[in-house]
Amino acid sequence: MASNKHTIVALVADRPGVLNRMASLFRRRGFNIDSIAVGHSETPHLSRMTIVAEGSDTQVEQIRKQVEKIVDVIRVQDISGLNIVSRELALIKVKSTPETRSEIMQIVDIFRAKIVDVSADSVMVEATGDEEKVDSLYNLLKPFGVKEISRTGRIAMARGDQGNRRDENEG
Amino acid sequence: MKLTGAQILCESLLKEGVDTIFGYPGGQVLPLYHTLTQYPKLRHILVRHEQGAVHAADAYARVTGRVGVCFATSGPGATNLITGLANAYIDSVPMVAVTGQVPRAMIGRDAFQEADITGITIPITKHNYLVMDIGDLARTVKEAFYIAGTGRPGPVLIDLPRDIQQEATEFHYPARVNLPGYKPTLAGNPLQVKKAAKLLAEAKKPVLIAGHGVRISGAYHELKHLAETLQLPVITTLLGISAFPESHELSFGMMGMHGSAYANMAITGCDLIIAVGMRFDDRATGKIAAFAPHARVIHIDIDPAEIGKNVKVDVPIVGDVKTVLVELNKEISAKRHDEWLAQIRDWKRQYPSGFEIRESDSILPQYVIRKIWEVTKGDATVVTGVGQHQMFAAQHFFYDKPNSFITSGGLGTMGFELPAAFGAQTGLPGQTVWCIAGDGSFQMTVQELGTIRQENAPVKVAVINNGYLGMVRQWQELFYERNYSATPLWCPDFVRISEAYSIPAECVTKKTEVVPAINRAMAAQGPYIINFVVEPEENVYPMVPPGAGIDQILHEPRKEAS
Ligand SMILES: Cc1ncc(C[n+]2csc(CCOP(=O)(O)OP(=O)(O)O)c2C)c(N)n1
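Protein sequence lines correspond, in order, to chains A and B. Residues 1 to 171 in UniProt numbering are what the first sequence lists, from first letter to last. Residues 1 to 562 in UniProt numbering are what the second sequence lists, from first letter to last.
If you are wondering where the hints come from, they were derived from the structure by calculation, not from laboratory data. Cβ coordinates follow ideal geometry from the N, Cα and C atoms, glycine included. Check the hints yourself; a few may be wrong.
Stated by the list, open to error - DSS-like, lysine-lysine: derived pairs with alpha carbons at most 30 Å apart:
id	chain 1	residue 1	chain 2	residue 2
1	B	K511	A	K95
2	B	K377	A	K65
3	A	K5	B	K183
4	B	K377	A	K69
5	B	K511	A	K65
6	A	K65	B	K142
7	A	K69	B	K511
8	B	K287	A	K69
9	B	K309	A	K93
10	A	K65	B	K322
11	A	K65	B	K312
12	A	K69	B	K194
13	B	K142	B	K224
14	B	K377	B	K511
15	B	K183	A	K65
16	A	K65	B	K287
17	A	K5	B	K322
18	A	K65	B	K309
19	B	K309	A	K5
20	A	K69	B	K309
21	B	K142	A	K69
22	B	K195	A	K5
Unchecked claim - To give an idea of the chain A side of the interface with chain B (calculated C-beta under 10 Å), a few residues:
id	residue
23	L11
24	I70
25	V73
26	G81
27	I84
Said to hold, decoys possible - Calculated Cβ distances over 12 Å to all of chain B for the following chain A residues:
id	residue
28	I33
29	T58
30	E68
31	I104
32	Y138
33	F144
34	T152
35	D161
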């Protein structure tokens, strides 16, 4: 069975323990979560989660159905097959000296990333984009010495009308 | 008028029609227990261990079709519910468990008897709640009962901090629930139902598999109509036993590891399966790759996640079994499958599956079960533990009465039988409940004899005493060179144990005494226990070895009559 990365988007009630329920379900069904990102949605008291997990289509379909059974989950969709926009945010702290700073800045420019903090011996770079872009930027910065990196994991949304909204007429 | 949290809980239970609670008190539910005496309509039954409460509530729910309720205190009380919650979860039993929790201000400080029970029970409950605001309590109870009892039923836990039990507020019981994320599908998709009817009309060698879902939705009549109209052979899963009368000419018994040879052969040879309210558990299907290789599959289940989980399905129908069968029955017309049925009957003649009991001077466990069936004329609810005796009870009692076989199918919980038999008896006062216990299984919850005595519940107990953890010993015999590691089991004198609980009991060692003893048990007014000392190394046949296809059947080796 072909195994590949799936992006699952879930609209969930903002209740304590929802993230725990979700993570517990993936763990219990033997699924590795690559990343999970949560934040408020357009509706008060509802959050949107983006989960990236690896598995065959049938496995992921099973996990989607199991997720749907969580009472606090209002809607869940595997958007992998759809036309989607996906992004992640990364903060990368790179060692720098007066000699290397301009070279780092050039690389940062090429990736349309930003320098958001500068100290005597390091700069902090903020980058957004899909994972490949963040990976490439990271690879280019590595030779300078990366002190710290923090990535949010993927958030994603289907383009146009195929989204994961809550129906207006839903209770 | 303001009510305390404890009163709100009790009022809410009354609104839900609860009349029986199985439970065990403790510090963090004291306010609730204090209040309980103001509510004489809520009969609280004190068990001897919280596991007893949860299994009793489980069986009470299975026999009545209502939501079973149990109470426990925080920490150790709550964690003692774990096995029973997992059991109810995997067997889809509607239940609400209320646990006490330390006061809100103490939560998270490792206070005395604090356990994160909502965290612990996430994977084994359908849903759970930690109530942190008394204003949420009534709504929580309403939701809990709704979630437990609808869709695919399951246990819901409510964790209630002690200070909330004491605090007071106005009581308003909501008229309806508002759960946008919870909408079970009841009616089947009409197009899929039509497709199923078409496949059924075309099939030459169809088989109907009936599971627990038939019993849960009470679809006996609809299932019978479907089977009779299309002349479908009906095979059940373990939990499907008593979904279809076994004396019916279309009944071909149970499938799976200890199912009948002819049932398993029929499934292997069929060209269409209509699976009704079952979940293709590995004990039922054997090796999936070898399962029903020629069959297309129609699967009806209320839980969409069950469809396609283990077996590839051609026509999925999500919905309540009864509702779907009513619709499906409108789409079908009479058919016959004489040749196919003759073939299965022929297999039945060729491979009688060891259901005839061989001659023996010693007491065979099968013989005991068969005699209980004969003496009760099948008019009993049978509750079992887990092990060989469970399989013998499945094979040798013939279930015609709907919903009359209560067993721990999914989790296989030893110790289920005694508290469950008590719970079933509580739900079925005046009816005969037989508890078929294993000597090992019985000892896991034997203290519930105290509950049975205190409540004077007329449960009849047959301990099938082989001096071994029999089912494990059987595997050791067959697959581990007879290395009986940790399976010989010393047993106390069960008669004296029973007498210590003031329950009449006897020990039967002679075959001729089996029937008279069963008669004495039936004649006794209250509970009665029989310790049947049976052939120690009897095995359950037929058997499909673990990991094999279900048609790879081991039959009973010929034993010389002794
Ligand atoms: C709580 C629990 N522990 C262990 C097991 C594993 N197990 C399955 S059957 C069995 C033996 C049961 O022995 P007994 O109750 O004497 O019944 P018998 O098989 O002899 O009829 C065991 C240990 C189990 N199912 N449940």
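- Message: Taking the earlier hints as the rules, which of them does this structure contradict?
- Response: Failing hints, ascending: 1, 2, 4, 5, 7, 9, 13, 17, 22, 26, 27, 29 and 30.
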